[in-house]
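Engineer: One-letter residues, chain by chain:
Protein chains: 4
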Amino acid sequence: MAQDDAAPPGAPAGPGFIGNLMRLVGRSNSLDMTRLADALLSERGEASGVALAGELLSAYASRTTEERIDFLLKLASRFGADRGRLERAIDRYRNDPSAANGVGLHVAAEARRQELFRRLNLAPGGTERLVRMREDVLAAAVVHPELETVDADFQHLFASWFNRGFLSLKHIDWNTEAAVLERIIRYEAVHEITSWDDLRRRIDPDDRRCFAFFHPQLPGEPLIFVEVALARDVPDSIAPLLAADRRPIAPRRASTAVFYSISNCQDGLRGVPLGNFLIKQVVDVLKRELPNLRSFVTLSPVPGFMGWLRRERNARASTWLADEDRRALLAVDQPGWTQVTAQSRALRPVLTAALAEYLLRARDGKGRPIDPVARFHLNNGARLERINWLGDLSDKGMQQAAGFMVNYLYDIAQIERNHEAFAREGRVVAARAVERALRQPPAVH
Amino acid sequence: MAQDDAAPPGAPAGPGFIGNLMRLVGRSNSLDMTRLADALLSERGEASGVALAGELLSAYASRTTEERIDFLLKLASRFGADRGRLERAIDRYRNDPSAANGVGLHVAAEARRQELFRRLNLAPGGTERLVRMREDVLAAAVVHPELETVDADFQHLFASWFNRGFLSLKHIDWNTEAAVLERIIRYEAVHEITSWDDLRRRIDPDDRRCFAFFHPQLPGEPLIFVEVALARDVPDSIAPLLAADRRPIAPRRASTAVFYSISNCQDGLRGVPLGNFLIKQVVDVLKRELPNLRSFVTLSPVPGFMGWLRRERNARASTWLADEDRRALLAVDQPGWTQVTAQSRALRPVLTAALAEYLLRARDGKGRPIDPVARFHLNNGARLERINWLGDLSDKGMQQAAGFMVNYLYDIAQIERNHEAFAREGRVVAARAVERALRQPPAVH
Amino acid sequence: MAQDDAAPPGAPAGPGFIGNLMRLVGRSNSLDMTRLADALLSERGEASGVALAGELLSAYASRTTEERIDFLLKLASRFGADRGRLERAIDRYRNDPSAANGVGLHVAAEARRQELFRRLNLAPGGTERLVRMREDVLAAAVVHPELETVDADFQHLFASWFNRGFLSLKHIDWNTEAAVLERIIRYEAVHEITSWDDLRRRIDPDDRRCFAFFHPQLPGEPLIFVEVALARDVPDSIAPLLAADRRPIAPRRASTAVFYSISNCQDGLRGVPLGNFLIKQVVDVLKRELPNLRSFVTLSPVPGFMGWLRRERNARASTWLADEDRRALLAVDQPGWTQVTAQSRALRPVLTAALAEYLLRARDGKGRPIDPVARFHLNNGARLERINWLGDLSDKGMQQAAGFMVNYLYDIAQIERNHEAFAREGRVVAARAVERALRQPPAVH
Amino acid sequence: MAQDDAAPPGAPAGPGFIGNLMRLVGRSNSLDMTRLADALLSERGEASGVALAGELLSAYASRTTEERIDFLLKLASRFGADRGRLERAIDRYRNDPSAANGVGLHVAAEARRQELFRRLNLAPGGTERLVRMREDVLAAAVVHPELETVDADFQHLFASWFNRGFLSLKHIDWNTEAAVLERIIRYEAVHEITSWDDLRRRIDPDDRRCFAFFHPQLPGEPLIFVEVALARDVPDSIAPLLAADRRPIAPRRASTAVFYSISNCQDGLRGVPLGNFLIKQVVDVLKRELPNLRSFVTLSPVPGFMGWLRRERNARASTWLADEDRRALLAVDQPGWTQVTAQSRALRPVLTAALAEYLLRARDGKGRPIDPVARFHLNNGARLERINWLGDLSDKGMQQAAGFMVNYLYDIAQIERNHEAFAREGRVVAARAVERALRQPPAVH
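Residue numbers (this note's numbering), protein chains in the order written: chain A, 1 to 445; chain B, 1001 to 1445; chain C, 2001 to 2445; chain D, 3001 to 3445.
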């Protein structure tokens, strides 16, 4: 194709170009991916978007970590908004802040990579590969903070694409494909699933349920899932729920649904709200199936408690930790203290008060409760319902939370009010009994 | 709930509020929808988004056209970007045009209704209802141009949500659900489907195919579909393709796939690119199934030809229309001229030259070819392949195009090049024979 | 293959034989099908059953009617039980009527064609092709009564294969594949479906239902279907049910489910009980979905009434027809009598009495009620509930039943008792009002 | 219901009867099941078959083993053919052996329990429960030989119901439901599947396949399955095929499909031919997918070898075992002989000759080869292709077959011929090399 030869470097033409590019890409570095990205955003991308997108994604998948990061950094530096165009749009808007100029400004301010991501999505399997690409961004952003804008664009796009309206809720049970179940085993983040038998105990008995959100473009990949136990009471410890030899109860006789484990599966969807919607829809589904259910609670870990307590104990000054508390707390450093009745008895009041302080009053740098699990449920509008002494005696449970577990209550009638109190005033809505566990009782409110 | 009574008007609290609001909405006007929209964008929306979204959409569906337009106008006037916030973001960016401030500017410039639309999508069936809402916007924008910004936001969002990567291609045949087939009958926009028998002739025989794109959230609604005939030659008229008594050929013996009808089904998705992807994927699918296929062409109408010609004939000056042409063209105003050999013979050269002029050279106010079908295929990278005299003798065909039909050729190897010529230079790529039909031959290029 | 050459004519060996046979079969007559049948029953059939069965079925499908009948006659004459073997089994059984010898006798008495049919079923699509073959048997048996034994074997086999436990009930609605709906249109045997619009009116509105039985091996072929209208009362005429302009009612407000049309679709399954199971399962399904339903009735034609009445009027003696009845009935021969009030008024009592006689007392040669629809519902355990004067004014309704329609009531609590009364004593269980319509009231029972 | 009271014991009437019966059945013994069976065969069964069948099956499921056997014995003693009727049918046939009387005899000779089984199948889940009932029959027949006729009836019926034409072949892989995979683990009868990881290695890699037959009425229950390895050569030992660390090969590069495990899953389907059809269809499926496959072989155990050899060694006289053989074979009784080179070397020729003798010449009481696996493959038309020394060193492999494994070859072109040689003449078709392993070479044939 003679005319190709004559084409200037910046404007290669014809199918030969893509062919050549792909061959190059096979053996070269991120420059080629960048070139493919340019092509995808050009007229060429309009004509051959599906093919070009596929090529770029394949190239990316075949590269070393270093080359990938190189490409991601290019996304940050070269695929932001077009500065000149943005400046002009600002000028137009400042001249005449009309609605049309407002829209024009929004369009001009959009990073070019957003359109790039949308075009990459044209390729078969594109959605999943973009999710994986964002996982790389998140991993690399630790060392390359300039990737944060790329991440922000990903999050913005994924929040739109993984909108709850596009997800489907599926009941996970023993008739689910093994490939999905295997991922459930792998992704379980709260109480490890130790074997297929353990898994079966959690999804197969009549009084156990598991639900997950799926996206049509990632059919075999759960996005988030929750494990539910039907029970007669609000449980205070995890071990009996997971016991191999427990006797199932008839679902019609259960009064309580216990969300005892909720796990996000896709790092690449960080920041996309899923858990809130999942819990509330599962409440709906269960209510319709089992009108006998009266309460919906979690049995939750308190993963940040002991870390915080350690920091408090190490701090010169603590607003609430007395010297005698510090002395009493020495016992908690000795493995096996739960077995020693005297130690356990002595520790209980001080640890309980510490936990109440941690959950109700302690705040991080941004003024939020420190515990991530607490933040999640409180922001969903749940209420901190109960503190359970020695609820989780596993190594992890002891190390993270001195064995404590807590219940959060999802009372649909109160959810809005609770959420607002939390979102507007930063107030933790808790049951009376929990508040009473504080050393200094809270001011009346 | 006593504390509700004390709540200031602008900050109603608790679940009672929504209940009250909904009751109000049942009997009131767009103000209530606006209030629901405000609620949906507030913390309340975070806690009870699914329910609130459902209520707003139901309210909207139950209103009169007038009330709906009222609400849409509110979307334009009250749900744009927050001006103060946008001004601050502009200042920050002008101070320091960092990547982060660029992202911040983009976020601040986003109209609030975009987030509103995303939250409305939380409700079951939300996607479809938003598509219907945009149909209202398009209809109302004719009289209310201020709705154009709302429309722009819809288009931006839908281009992302209805990205080709989220669509699935389905083969429509006699085993398709009647509810979908009925829509195919209804949406067919090129050659009317007159009955279920007519439909069957287009989708059931071995040498006929129909493909449509679907979105997972609108499972029974085709978005766009194309009808294909497998043939031994490039056809020059439509009637034999649709004849009730034709004999099917064996697909393995076909050399040509003819796209003889392509119809967009959803007004609400105007501006979302679908047709280009559909045609190219169908080419792929057919190639894989039938390696014997050598060419992929359309048999297309020329809907704007006679309107343009009328305007030319009425114009004082025409760059190409001679007085004798004007006289000769008088015959075209007489119904039945195709039956009169002498008239037909006399008209053919002048009409053919006019059509070539229309397709190859005439331009609209924006410098684009006037014919919308031509624009579509040329922009997809197809080539104008052949002009067919008396290809469509139906009333519509005679009125719109003096009976002409044309073929556009999809030659995958040339598509990029053709598209670029068209997109960059506005050049219409056509076969030699078509160019020769011009009165003044084109300059060599 | 040298050893094939040496094989005696009666014992051809090896794959070459089948290849040869198939080639022969392509151009020859029923002898070859018979030979294929022999092969299929031999050791060869055990090794290559699927292929041989496919060949025989294809051969059969490609033959003329004459050749097929020839083959079917061979099935009758040459593929019965092996006589010698049967004689020996009888001897053994008469010697020692042990259970084992009973089983041996049963096995020896089985016609060889039964095993042939089972082996033909090995081929893909075999089940459907066997159903079609039996259609040929039924058609040919009219002239060839010796085919009745072949038919008996088919019926025995199909009653086992199409056992209700192997069928699935499907709801037919507007989301059903067009190919199935087209068959519903074609197979409707009671009230003709005149168009797709007519069909839609019967399956799409909320207060209309249609259910069909399917067999897994004939996935696109309904076996039998029933059309149901939900109503507020027991209907007395068909036209309002089928009216194009009627207003649907809310299913939750219906009290009555009306089975107004039930059609067998497969001639080849004659004698296999399907309708009884279909009606009872549909009653179950509707009851569960709509607990508000109180009664389940038919609106049925009386297809044999006028034929019987003609015979009675032509007969010298009738047990119940008085001379004045004969005179009165002359009016019924005049078209349009329903329009003439006087005639209609005069005819009503005598026709009503005649219908009651026909349904309650008249018997055919085997002592059964004459009306086939009556026999079907009565044998199912339904009760003859009501006679409807001028319920069906269509040509067919007038010719077959002088416009009469009847309701049969399916009262689940009475079904067993009714069926037994009918099956054991031949008694027609009817509502009082129907019995009172008899000229001579029935003896008390 | 007063008239019920008057009903004679043998003819209870009305729905009340069934209600009462069911209540009785809840607490009583097999007599009640017998009574339900009588009812199911009566007119009552025609009217309420589905309900009655369900009740009888539930009653059966809830009984003790003893009560069940009692009922099964009743099936043998009381539900055979009606003797009087059979005698009359014999008389009629002897008088006039017409086709119709032949059919009549067949019908009269059918045990009443066959119709009972067909009616039991009306109940939801009936098919599976009947399969389970036959498992009981098979288990009980060991002590109650009179159950053999019941078993014969079951087998006859199941051979018809589980006809290959009604089964569907499914590819079992990692996307199969866990519930089905769990059954694959449980039913594997040849080489134990030790864990889910072991299972995954057999079904997930590209060069491994597993196929099973399913019946539409037992959707979660595989009937039979086969595990296949794609390989480059005919394998001579099992361990490398199952190794955890082996490297998969690309399917397109495989020349050989190895059927290394085939397991029947349902005892209740004993005698129903499944394996033959399964293997041949899998050959078809694989051939179509992978035209590169040249040979289809098994890697099979020889489960009866060592048992037979022990009997030979213990026998006074053996037609082929010389005294020195007996001495040499003493070594085989010492565990670990395979590790001792000298012993192994000494045993190889005598064991190999013994195996050839066992497979090619030894016959059981019915004149058939002794080895069940050999009988299965030879009867399918496979050829004994190779003897593999030390092919299976597992405990089971050593105990059953001194470590031998064999390959059977499925050469489709030879299958008919091989099957006939085996079925008619009892001849074992084997490769030359296997025949040469015989002590006395076979006569030329």
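If you are wondering where the hints come from, they were derived from the structure by calculation, not from laboratory data.
Please note: incorrect hints may appear among the correct ones.
[Claimed, not checked] List time: in silico DSS-like cross-link candidates among lysine-lysine, alpha-carbon distance up to 25 angstroms:
#, chain 1, residue 1, chain 2, residue 2
1, B, K1287, B, K1170
2, A, K170, A, K287
3, D, K3287, A, K170
4, C, K2170, C, K2287
5, C, K2170, A, K287
6, C, K2170, D, K3170
7, B, K1170, C, K2170
8, B, K1170, A, K170
9, D, K3170, D, K3074
[Claimed, not checked] Derived Cβ-Cβ restraints for the label pairs, each shown as a range:
#, chain 1, residue 1, chain 2, residue 2, range
10, C, S2195, A, P248, 51 to 61 angstroms
11, B, S1394, C, R2375, 47 to 57 angstroms
12, A, D82, B, L1290, 26 to 36 angstroms
13, B, K1170, C, V2285, 46 to 56 angstroms
Backbone N, C-alpha and C define an ideal beta-carbon position, used for all residues, glycine too.
Engineer: Work down the list of hints and note, for each, if the structure agrees.
Structural biologist: Verification of the supplied hints:
1. Pair hint B:K1287 plus B:K1170 holds up; C-alpha atoms about 16 angstroms apart against a cutoff of 25 angstroms.
2. Distance restraint check for A:K170 and A:K287: the Cα-Cα separation of roughly 16 angstroms lies within the 25 angstroms cut-off, and the hinted pair is therefore satisfied.
3. Pair hint D:K3287 plus A:K170 does not hold up; C-alpha atoms about 37 angstroms apart against a cutoff of 25 angstroms.
4. A hinted pair counts as satisfied when its Cα atoms are at most 25 angstroms apart, and C:K2170 with C:K2287 qualifies at roughly 16 angstroms.
5. With a CA separation close to 29 angstroms, the supplied pair C:K2170 and A:K287 exceeds the 25 angstroms bound.
6. Distance hint between C:K2170 and D:K3170 is fulfilled; the C-alpha atoms sit about 24 angstroms from each other, no more than 25 angstroms.
7. This hinted pair checks out: B:K1170 and C:K2170 have alpha carbons roughly 24 angstroms apart, not beyond 25 angstroms.
8. With a C-alpha separation of about 24 angstroms, the suggested pairing of B:K1170 with A:K170 holds against the 25 angstroms cut-off.
9. Among the hinted pairs, D:K3170 with D:K3074 is inconsistent with the structure: their alpha-carbon atoms are about 39 angstroms apart, more than 25 angstroms.
10. Here the CB-CB span from C:S2195 to A:P248 is close to 55 angstroms, well matched to the stated 51 to 61 angstroms.
11. Range check, B:S1394 to C:R2375: Cβ separation about 55 angstroms, and the 47 to 57 angstroms hint holds.
12. For the pair A:D82 and B:L1290, the beta carbons lie near 44 angstroms from each other, so the given range of 26 to 36 angstroms is not met.
13. For B:K1170 and C:V2285, the hinted distance range of 46 to 56 angstroms is not satisfied, since their beta carbons lie about 30 angstroms from each other.
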